[in-house]
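Enquirer: Chain order of the listed sequences is A and B. One point on numbering: in the working numbering, the residue at position 183 of the first sequence is 183, and numbering is uninterrupted. One point on numbering: in the working numbering, the residue at position 166 of the second sequence is 1166, and numbering is uninterrupted.
Please keep in mind that the hints were generated in silico from the structure rather than gathered at the bench. Even for Gly, the Cβ is constructed at its ideal location relative to N, Cα and C. Don't take each hint at face value.
Which bits of chain B does chain A cover? Going by a derived footprint, with three or more residues having C-beta under 8 angstroms, they are [unchecked claim]:
#1 1099 to 1106
#2 1149 to 1160
#3 1174 to 1180
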Amino acid sequence: MEEVPHDCPGVSSAQAGRGASCQGCPNQGLCASGAAAAPDPAIEEIKEKMKTVKHKILVLSGKGGVGKSTFSAHLAHGLAEDENTQVALLDIDICGPSIPKIMGLEGEQVHQSGSGWSPVFLEDNLGVMSVGFLLSSPDDAVIWRGPKKNGMIKQFLRDVDWGEVDYLIVDTPPGTSDEHLSAVQYLAAAHIDGAVIITTPQEVSLQDVRKEINFCHKVKLPIIGVVENMSGFTCPKCQESQIFLPTTGGAEVMCRDLKVPLLGKVPLDPRIGKSCDKGESFFAEAPDSPATLAYRSIIQRIQESCSLRQPKGENLVGS
Amino acid sequence: MEAAAEPGNLAGVRHIILVLSGKGGVGKSTISTELALALRHAGKKVGILDVDLCGPSIPRMLRVQGKAVHQCDSGWVPVFVDQEQSISLMSVGFLLEKPDEAVVWRGPKKNALIKQFVSDVAWGQLDYLVVDTPPGTSDEHMAVVDALRPYSPLGALVVTTPQAVSVGDVRRELTFCKKVGLRVIGVVENMSGFVCPHCEGRRRGAGQTRWSPLPGLCAPGP
């Protein structure tokens, strides 16, 4: 069933509600009155809510399966190792919510309180929210069109009682669509520190990631930097490492061409996937792995970048 | 709203297969491409419809990135990837002015383009139309299933990798197929183990296979 006409001029267009294609659209009256183009009051509400959140980081990629959720989860684990740092991890991949499994929180439920939804706490200083916690069965499919997904994201940002948080990490689905636009729009007034963009070395990934970088420029989202994941693999039998070589220079060349920082490269360690499947931190599983060292270096660079972007003059509520 | 469609541009297409996965990066586009090439090798005429509007990967995989799409009386002419014209392809990748241009569209606009891709591309006579999709269970999937429904698609090929994180999303995709009445032809487990090209040492995939088909979802037939 179509929700809007085929050639809808757009709710914020001057033709909204007035164009020929608007005839018969259920929203025609709303658009013609100008109400649809008015700013969403939720944006101010979210700005207020986010006053207790010091730093907000979006983890993006144009490409699926490059390791956004894996990285988001381990960024959260890494930051939360300092028990004085309050970390929040928000999963806005509505159709494919991986974070509950990766964090070992499958089956947990979300509770309501007077001050909103309570996130699920893995540690005292690490809270998690995902649509995965709202499904009655892990096999339930969330078959929602854009507007309904946007509504969920609005609720996640406005109605979750995060408390006082040093870092809010937002894990996103692949692409440049509703979820991404909504996250950026709803957080517009709340100052996002920036985006961490994940890629793999393959050109098939890079071509999607260049689009994601352009998306960030389009919506004026600062880019903290790019992480090249699955960056090289060493065969455990013969120790050969020239296996998954980048054919077009990998993230290094792309970052140089597009003038964005390369935060680091994480090699492919099969134990990472296993840790995610078991819902455990890879850092605990393999503290000496080159991948762990790479992650830690990248996390440090992200922290440094965030501290440089500390907004001046804002009345941030400290703990 | 939609009447049972006149056959139109899909009149000459014998079989339609959707390639789906709840999970990103498991190899839908790779498998769609390899499936098309395998069918061509078997003497079939194949079309590929790439409805991943945000991340259109197929043009590069078939080395036709940058090609232009032309119009004819029946609509858009798909791009032929070979001299013999045995594989044709339509992708939003061909409609972008620059390859790095981001398609930053919300659902309704994506739905409209997908409907056009289904009804306004002059596919001609095809044995198979392979439809590559983005990950998820959202606008693109609903739009393409709705648009193709009058043409009775053969069904869906659902792609996963062995990791539990993938299988979880794919079980949701199977639920989607059941809800929208799309038959599941079967499941492909991609990246199922690794063979080192140097020492040919065989490794099992980084996760154990947790796959167990949900009863009733993978059975053949409507």
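Enquirer: Decide, hint by hint, whether the structure agrees.
Expert: Against the structure, the hints come out as follows:
Residues of the stretch 1099 to 1106 of chain B with a Cβ under 8 angstroms from some Cβ of chain A number 8, which satisfies the need for three, so the listed coverage holds. Residue count for the stretch 1149 to 1160 of chain B with a Cβ under 8 angstroms from a Cβ of chain A: 0. That is fewer than the three needed, and the coverage hint is violated. Under a criterion of three residues with beta carbons nearer than 8 angstroms to beta carbons of chain A, the stated coverage of the stretch 1174 to 1180 of chain B is upheld, 5 such residues being counted.
In summary, the one numbered hint that this structure violates is 2.
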